[in-house]
Amino acid sequence: TAVISPQDPTLLIGSSLLATCSVHGDPPGATAEGLYWTLNGRRLPPELSRVLNASTLALALANLNGSRQQSGDNLVCHARDGSILAGSCLYVGLPPEKPVNISCWSKNMKDLTCRWTPGAHGETFLHTNYSLKYKLRWYGQDNTCEEYHTVGPYSCHIPKDLALFTPYEIWVEATNRLGSARSDVLTLDILDVVTTDPPPDVHVSRVGGLEDQLSVRWVSPPALKDFLFQAKYQIRYRVEDSVDWKVVDDVSNQTSCRLAGLKPGTVYFVQVRCNPFGIYGSKKAGIWSEWSHPTAASTPRSGGACEPRGGEPSSGPVRRELKQFLGWLKKHAYCSNLSFRLYDQWRAWMQKSHKTRNQDEGILPSGRRGTTRGPAR
Amino acid sequence: MDDWDSWGMLACLCTVLWHLPAVPALNRTGDPGPGPSIQKTYDLTRYLEHQLRSLAGTYLNYLGPPFNEPDFNPPRLGAETLPRATVDLEVWRSLNDRLRLTQNYEAYSHLLCYLRGLNRQAATAELRRSLAHFCTSLQGLLGSIAGVMAALGYPLPQPLPGTEPTWTPGPAHSDFLQKMDDFWLLKELQTWLWRSAKDFNRLKKKMQPPAAAVTLHLGAHGF
Numbered sequence: 001t002a003v004i005s006p007q008d009p010t011l012l013i014g015s016s017l018l019a020t021c022s023v024h025g026d027p028p029g030a031t032a033e034g035l036y037w038t039l040n041g042r043r044l045p046p047e048l049s050r051v052l053n054a055s056t057l058a059l060a061l062a063n064l065n066g067s068r069q070q071s072g073d074n075l076v077c078h079a080r081d082g083s084i085l086a087g088s089c090l091y092v093g094l095p096p097e098k099p100v101n102i103s104c105w106s107k108n109m110k111d112l113t114c115r116w117t118p119g120a121h122g123e124t125f126l127h128t129n130y131s132l133k134y135k136l137r138w139y140g141q142d143n144t145c146e147e148y149h150t151v152g153p154y155s156c157h158i159p160k161d162l163a164l165f166t167p168y169e170i171w172v173e174a175t176n177r178l179g180s181a182r183s184d185v186l187t188l189d190i191l192d193v194v195t196t197d198p199p200p201d202v203h204v205s206r207v208g209g210l211e212d213q214l215s216v217r218w219v220s221p222p223a224l225k226d227f228l229f230q231a232k233y234q235i236r237y238r239v240e241d242s243v244d245w246k247v248v249d250d251v252s253n254q255t256s257c258r259l260a261g262l263k264p265g266t267v268y269f270v271q272v273r274c275n276p277f278g279i280y281g282s283k284k285a286g287i288w289s290e291w292s293h294p295t296a297a298s299t300p301r302s303g304g305a306c307e308p309r310g311g312e313p314s315s316g317p318v319r320r321e322l323k324q325f326l327g328w329l330k331k332h333a334y335c336s337n338l339s340f341r342l343y344d345q346w347r348a349w350m351q352k353s354h355k356t357r358n359q360d361e362g363i364l365p366s367g368r369r370g371t372t373r374g375p376a377r
Numbered sequence: 001m002d003d004w005d006s007w008g009m010l011a012c013l014c015t016v017l018w019h020l021p022a023v024p025a026l027n028r029t030g031d032p033g034p035g036p037s038i039q040k041t042y043d044l045t046r047y048l049e050h051q052l053r054s055l056a057g058t059y060l061n062y063l064g065p066p067f068n069e070p071d072f073n074p075p076r077l078g079a080e081t082l083p084r085a086t087v088d089l090e091v092w093r094s095l096n097d098r099l100r101l102t103q104n105y106e107a108y109s110h111l112l113c114y115l116r117g118l119n120r121q122a123a124t125a126e127l128r129r130s131l132a133h134f135c136t137s138l139q140g141l142l143g144s145i146a147g148v149m150a151a152l153g154y155p156l157p158q159p160l161p162g163t164e165p166t167w168t169p170g171p172a173h174s175d176f177l178q179k180m181d182d183f184w185l186l187k188e189l190q191t192w193l194w195r196s197a198k199d200f201n202r203l204k205k206k207m208q209p210p211a212a213a214v215t216l217h218l219g220a221h222g223f
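Listed in order, the protein sequences are those of chains A and B.
Taking UniProt numbering, I'd label the letters of the first sequence as residues 1 to 377.
Taking UniProt numbering, I'd label the letters of the second sequence as residues 1 to 223.
Just chain A, same shape as in the assembly (with noise of 0.2 Å):
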């Protein structure tokens, strides 16, 4: 057997090492002769090795890269025949730089989840180890949180006992074999970092036989039903096959909104997301919550709800045989100012009309055109 000397040490990058290996015990007799170094199991080019006295190799290693991995490098001392003899791991790398951009968000008020970044010049070599501390303000007691990972790598969740009205100071350690580092302390109030979840039972639905509308309507979100006096909604939609999202923003303290100036016959996706603005008093917009899931609605496609035949880009047929039948009576009736501007305002009333009479009932029973429905004369 032999002994390798130093064991395991930590090394900053571009540093250099001296080692040792010395051979004793069985079996007896054993000298230096014929052993050599291997690293991360490439032999070392002889030049770096020399015979120190009878039963010590030592080898000169300068201007050191950092580690391969974290576990360390492998530095290992061989017998002539390959077998192992001895072995040390070495820990090359930097100490951890300041982490930066600590942020943080509270759910419902009850946790506080904080995310931050490690320090920007990459990588340290070497493996840190990173703490989120905080403390209220004012009382002293520092505390660790302990739930790491949550979001990321760099993250931490503290799940209970947090106060409201006092301010925390937070901070996040990074340590490492070569060093510490801390970052700078993040006052924050957690009144000022609340979400929430998406608003729940969002519904999709048509505005009567309206073309170009869909309605939209939501629950505020039930775990801040009774703090959420000023909360603020952003509904996104888009067409099914498109990747570009309209936002609605502004969308205060109401759980319905009409969306206007739609396709007719598309289908659209809805989401719609909340902002515990203004809970407690606070003055700030709290953190927007995830989007709600995708609900899906279709607008009608023009001509009415019932067109029997799909697939027609618009009223086509209604309107072909609406041209025959103008034209005859303007051939055979009364009326000679019947134009197709006529037949459109008609239409228009038509759409009015059903509006106020279907509100958000959608499709207008099967069956029926829309043209046979018409103001009695």
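Just so you know, the hints here were simulated from the structure itself, not pulled from any lab data.
Even for Gly, the Cβ is constructed at its ideal location relative to N, Cα and C.
Accuracy of the hints is not assured; some may be wrong.
Covered stretches of chain B, as calculated for chain A (at least 3 residues, CB under 8 Å) [unchecked claim]: (1) 88-102; (2) 177-184.
Listed next, with one range per pair, are the computed distances between beta-carbon atoms [what the hints assert, rightly or not]: (3) A:149 / B:80: 34 to 40 Å; (4) A:123 / B:57: 20 to 26 Å; (5) B:126 / A:144: 21 to 27 Å; (6) B:70 / A:296: 49 to 55 Å.
Following the hints, put chain B in place on chain A, whose structure we already have.
Just chain B now, with coordinates in the frame of chain A:
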């Protein structure tokens, strides 16, 4: 280089494992016998073998070369207390059922104990999760073996006399030596799973009656 005490310390920890919850006796009325349990145990060893392959690959990459090289064969120094799967063929063949099962049970109890002690501070959170998941599966295997033993009427092996589950950390074990211990733990675990598949296959065949008068339902149990 002679402080292999950490293995000894961990062996004390193993006594904790002996206090497994009592396995309820199988309902014997009209039951299909131990056949299904044996099949299930066999299936579990195959599943664990598969799980271990991926876990070991990741772990050995974490240890770094030469540990993850295919023919790596370091001295087996501290790992003397690891239960050895390798055994003479004739000895293995001639094991009676009770001994065969007992050896499996004791081996996995020890291995589980050591695996739990694989406290690599520096390992990534993902690696720690994979290890924890594997330990849970291994615990399942132990339970399954215990079930087979109970079904066949064999008592579970008793804990080592006079050993209380207290574990005090021993003198510092060098990091490189620890890596070698980790390597051999994974190797031995792998060998045991290979062997157990054969053990349970053998038991399965023995339990099948020679005549076709009774048909055992050996369904494949998924997990």
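Inset, instruction - Report the numbers of all earlier hints that the structure fails to satisfy, in ascending order. - result: 1
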